[in-house]
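Given two chains presented individually in distinct reference frames, assemble the corresponding complex, making use of the accompanying hints.
Residue numbers (the numbering used here), protein chains in the order written: chain A, 1 to 433; chain B, 1001 to 1279.
To be clear, the hints were calculated from the coordinates, so they are not data collected in a lab. A quick note: this is a predicted structure, and the numbers were derived from the prediction, not measured. C-beta atoms are modelled at their ideal positions from N, C-alpha and C, and glycine is treated no differently. A portion of the hints provided could be inaccurate.
Cβ-to-Cβ under 7 Å is the rule here; a few derived chain B residues that face chain A [as the list claims (entries may be wrong)]: (1) Ile1040; (2) Ala1112; (3) Ala1114; (4) Val1117; (5) Leu1125; (6) Glu1128; (7) Thr1135; (8) Ala1143; (9) Lys1147; (10) Glu1200; (11) Gln1203; (12) Ile1225.
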Amino acid sequence: MSQATTGMPALKANSGVKGIIRSTEIDTRMLGMIGALVVIWVLFHFLSGGIFLSPRNLWNLTVQTSSIAVMATGMVLVIVTRNIDLSVGSLLGFTGMAMAALQTDVLPQYLGLDNPFTWVVALILGIALGVVIGGLQGYVIAFLGVPSFIVTLGGLLVWRGGAWWLTSGRTVAPLDDTFRLMGGGAEGSLGTTWTWIIALVACVLVAASMVMARKRRTKFGFPLRPVWAELAIAVFAFVVLAGAAAVFNAYEWPSMIAARYAKAHGMTVPEGGLHIGYGVAIPVLMAIVTGIVMTFVSRRTRFGRYVFAIGGNPEAAELAGINTRWVLMKVFMLMGGLAAIAGAIATARLNAATNALGTLDELYTIAAAVIGGTSLAGGAGTIAGALIGALVMQSLQSGMVLLGVDSPLQSIVVGIVLVIAVWIDSVYRRRAA
Amino acid sequence: MSTTMADIADHGRGHHHAGVDRSGPPLVEMQDISIAFGGIHAVDRASLDLYPGEVVALLGHNGAGKSTLIKILSGAYKRDAGEIRVRGEAATIANPRDAKTYGIETIYQTLALADNVDAASNLFLGREILTAWGTLDDAAMEAEARKVMGRLNPNFRRFKEPVKALSGGQRQSVAIARAILFNAKILIMDEPTAALGPQETAQVGELIKELKKEQIGIFLISHDIHDVFDLADRVVVMKNGQVVGSALTEDVTKDEVLGMIILGKCPPGATPGPGAMRE
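Same shape as in the complex, but just chain B (with noise of 0.2 Å):
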């Protein structure tokens, strides 16, 4: 892929910090998190925290546990230890449905289309528009749907047919569509831009730009630093299961980010975390 999200934020340094709000209590916090499988502890004591307008971009290895951590704050799985709170106080997730009523909407990496049905039943998967009679109001979902997809993707016009006869980048900006209809307060994008091309990769991260603006708080998971580095406010790096370290992307390089990424090396300008290297 030769275009990359970086290479369309080129607003410069210090840019995107203008709009995050650290007045009130974080949007969400982490603390502690683990979860074990069968004796493997996929996540060991991470935290975690987000505010408003703040994308903070999660970065590692495949297998860092990063995928884990967020798929607990999405109510996927069940975290053995730990506590979450949302602005500021204890939540409980104990499912999908759980997250979502506190506003946390999730993009997986997969998707997670029911690709034989049309883009507006996967919008609305799980919180249907009814009509006064209890039954599902197609035509009412279907205006919402228009709307929406028309902000993200003003070419749509497949509304009819099932999302398997979609292309790649359609089908990502379905999912996208559907974290953002129900006024996400946070969003998780997965490897957001994994299969797309490079046009799509823009207009991600023009909507993530957007987001920000809506005092929306982004996590970005990622593998690789190039695609996410210049759109984050704050990186945090995790390696097995821990997290190394967090820092402002202002007082780090992206070789340094490297650095905790492979070696889990904290550099100067970040605070380290229970994975870091010790001296």
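Just chain A, with the same shape it has in the complex (with noise of 0.2 Å):
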């Protein structure tokens, strides 16, 4: 950028593609993943010769990528303070496994079988566990300044052992029925016409903030984006949310499902079969509102900003009278929780808990959040690019399963995607700066 245009950003935004780029304030990196999933899909699409970009894939696609994309909102805060939290598979793990056993074995004593709770208690403890775990990782990082890739490591042992430890190796299955909602599937989706109702709410909601910023921003008299820039990122937004939902309830409940589900309700299956659509399953609707609150959390309060300047320059941020090291621990806490709810979608996805939920999942979350523009230097990243990270990893896997690649061939190509992907931004980073 030369010195002769950065004085006026009101004059320099109205000339070229670029300009059009900078009226609309989007992040270019940003844009640049957005392109790059683009290019994978219709690549992908090709080649599995129309399977990709069917409803039913990208379905099934967003309901894999649930639980890392939980996890990768919060190793973004734990990556932006200069830390790393290897524990986090073990913890989906340990937690998972809590969860189930407290749900089969330990809470029917106290609530009865099938009581309309056990879900939810179960839940608030599996968290609750989560985030104590969390912070005692956290505290040991913090205050006794032990550092997080050794403190982490260690956990990843000890709650991989503790989640076996726990029903001594036994496999926990099945689970209780409202719980397993959480995995998606045909019951664990809301449907077409709520599927409606949300993206319909969503798109008031966008347009509602965006009006908002805008009065804002006019009261103190700051420079505006154009109108058009507001209307086109507006009229994008809509289209994407109507997108994605039109997707989500094209896909429909396989005929036999649904003519189990007409008996059960007393229906008649009328002629040329009953049409359901799934609508957007629960598990991508816990990522989708994890990822709008993480972003809010990061963006819109002071908790998110002291993360930021922690990362940015951690002196200063003591100097500015932050308390630095509960910031930090609170960070791990926050990423505990978010374990603990990607392990009751992968529980609950499963119908089992296994002794090896979550194993490597914690090297997926750090390369979501990486490939997502999460710098490991520290200070850089957005829970957005976490959440299309772990999109872009997912699509990887799901095409390459699609079109029959050998498993061990599918890591090697994982594995390369990611260090590319890093070097892309890193390249990008350096003309930036």
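In structure tokens form, the structure reads like this:
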């Protein structure tokens, strides 16, 4: 960027494609990531003979992404503070096992079998357990000064062993019926009507927040985005939301399941079969809501601001009067809680808690955050980027499964893509600086 | 650097002294402060005071203990012994937050900016303006930032960029703006012009005079006497962790102060401290 133009932000905006992008104030790096995702999708679509971009595959793709996506949002904050959490995969396994054991072995003794609150009690206790474990690790990292790499490497071993020890290696299954809804599937989806309603509400919220932000900026007399840019962003958001809803709804229940459902609810199957759309899956909704909440936390709260300030310059944050240790401990508590939510999704999807659940997930989570633009040097990263990163990783894997690529080759490709993605990102950063 | 603050402050002897208010208790008194790191006495029984509207230059070689002494005042280090009084009353300063509540603001030599966030976020770091909902009020913070930066650096426009994208002078103005934004009573400037060009140095000189008029007390820390001599009402010289002596700038010459810095030798116009060379 040349010195001559930087002084006049209002004037520099209007020429060429770059000017258009700048007017919308969209992160070009984010655009690049979305572009890469689109390229991957289109490529797999053609290679798979038109299967990849089918509603069914996209629906499955989002469900498979959700547990890593939930953890990746927390991993962004961990990495932003110049730390790492290698324990999240084991933590997912441990909290998942704990929640499974609670709802099958422990809670029925107090609540009775099939109590409608079993799932929520198990979930809350599981999240609390995750927060406590994360807090314990965070305490050792922040207050005792042991490097996070070591503490969470220890955690990786401890909680994996702990998951075994909880039930002496026994696989816990089946799970509470309501709890299982968090894993998706036909019952664990919201159906077409609710999906449209949610998409509509989301559109209204997007529009309202854009109007509010513009009003605030007008009130203080700040430079505004051009109106056409605002409208373009709004229209783009609406199209994406409506498109996603349409895709989720276009995936219909298999006729067998639909027929069974009709029988159970005393419905007559009309001619040509019963068409029931899946709609958005509950785990996907959980991941999206987590993403929104975490974006809010990282950008609109003091805590989030401190996390980034600590990542940018820990000494400066300390001198500014921020209690950096406590902030750091809270980051790990948050990460622990998110690992537990991911644990709920993963166990519910499997309808079982096994010892191996979440193995290697820490690496996929870190990879998702890093592919999504989180800098390992600290101080930079976005939640939305991490979600896209998680989707990129899962797209690669699902795509290769569709193409019948052998599993060892899948690992090789994913590993290479990770390295290339980070390399491209570092080139971009050097140019931008 | 061809221009120093000395060239700008050309109003002659005695001028600065006019604004100093010695009628009440000092703004700050540091008494017999000591701190040791691993057996080395970085600061040894040092005493220092500052009155409203006064500029005190704290001089000494690198490693003389001046930055350490001042970091005790700003809450970055905890003293081993000694007492700090603010406006005559004993003050407990255990961390940077405590210091700020006493109106003590510091501009560090390193500037202590979080490079990855924008100017407004840096100005309000640790003291954010919140909305009624308890969320960050970025618009209000940006408005305040525009106000204070407009006063310090009217050409500054880059409010949306992370401060690492700014020039040295712009970064310095962000650090200064942060210190004066919250009604500082006592301002500590650690090598304030080390990274600046002539024009920016001149701006800092003007700013110091303006703040003096507002009865703010200022510590200027420097290893270079020429940078600060003509802005200061008083000089305090440190050597090997001890105070060599202090003197009103009108009672001593630059050469005499240099003698204090290099040899620890107190001239007749100065009040000797514990670190003064014995005759």
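Query raised in the report: Holds or violated: is the Cβ of B:Val1117 closer than 7 Å to a Cβ in chain A?
Result: OK, holds: B:Val1117 within 7 Å of chain A, min 6 Å.
Query raised in the report: With 7 Å as the cut and Cβ atoms as the points, is B:Lys1147 at the interface with chain A?
Result: Since the shortest Cβ distance to chain A is 10 Å, the answer is violated.
Query raised in the report: Is the shortest C-beta separation between B:Gln1203 and chain A less than 7 Å?
Result: violated, 17 Å
Query - Per-residue hint verdict: B:Ala1114, partner chain A, C-beta under 7 Å - result: holds, 4 Å
Query raised in the report: Going by Cβ atoms only, is B:Ile1040 closer than 7 Å to chain A?
Result: violated, 21 Å
Query raised in the report: Quick one, is the B:Ala1143 hint okay against chain A at 7 Å, beta carbons?
Result: holds, 4 Å
**Report entry** Interface restraint verdict for B:Ala1112 against chain A (beta-carbon cut-off 7 Å)
**Finding:** holds, 4 Å
Requested in this report: Using 7 Å as the Cβ threshold, decide whether B:Glu1128 counts as touching chain A.
Outcome: At about 5 Å, which falls below the 7 Å cut-off, the nearest Cβ of chain A leaves the hint on B:Glu1128 intact, so it holds.
Query - Interface hint status, B:Ile1225 versus chain A (Cβ within 7 Å) - result: Check failed: Cβ of B:Ile1225 comes no nearer than 27 Å to chain A, outside 7 Å.
**Report entry** Hint check, B:Glu1200 versus chain A [nearest Cβ-Cβ separation less than 7 Å]
**Finding:** Nearest chain A Cβ about 16 Å off; hint violated.
Report task. Go through the hint on B:Leu1125 and say holds or violated, using the shortest Cβ distance to chain A against 7 Å. Result -> With Cβ-Cβ at 4 Å, under 7 Å, it holds.
Requested in this report: Classify the hint on B:Thr1135 as holds or violated, based on whether any CB of chain A lies nearer than 7 Å to its CB.
Outcome: Constraint on B:Thr1135 satisfied, holds at 4 Å.
Hint check: violations occur at hints 1, 9, 10, 11 and 12; the rest are consistent with the structure.
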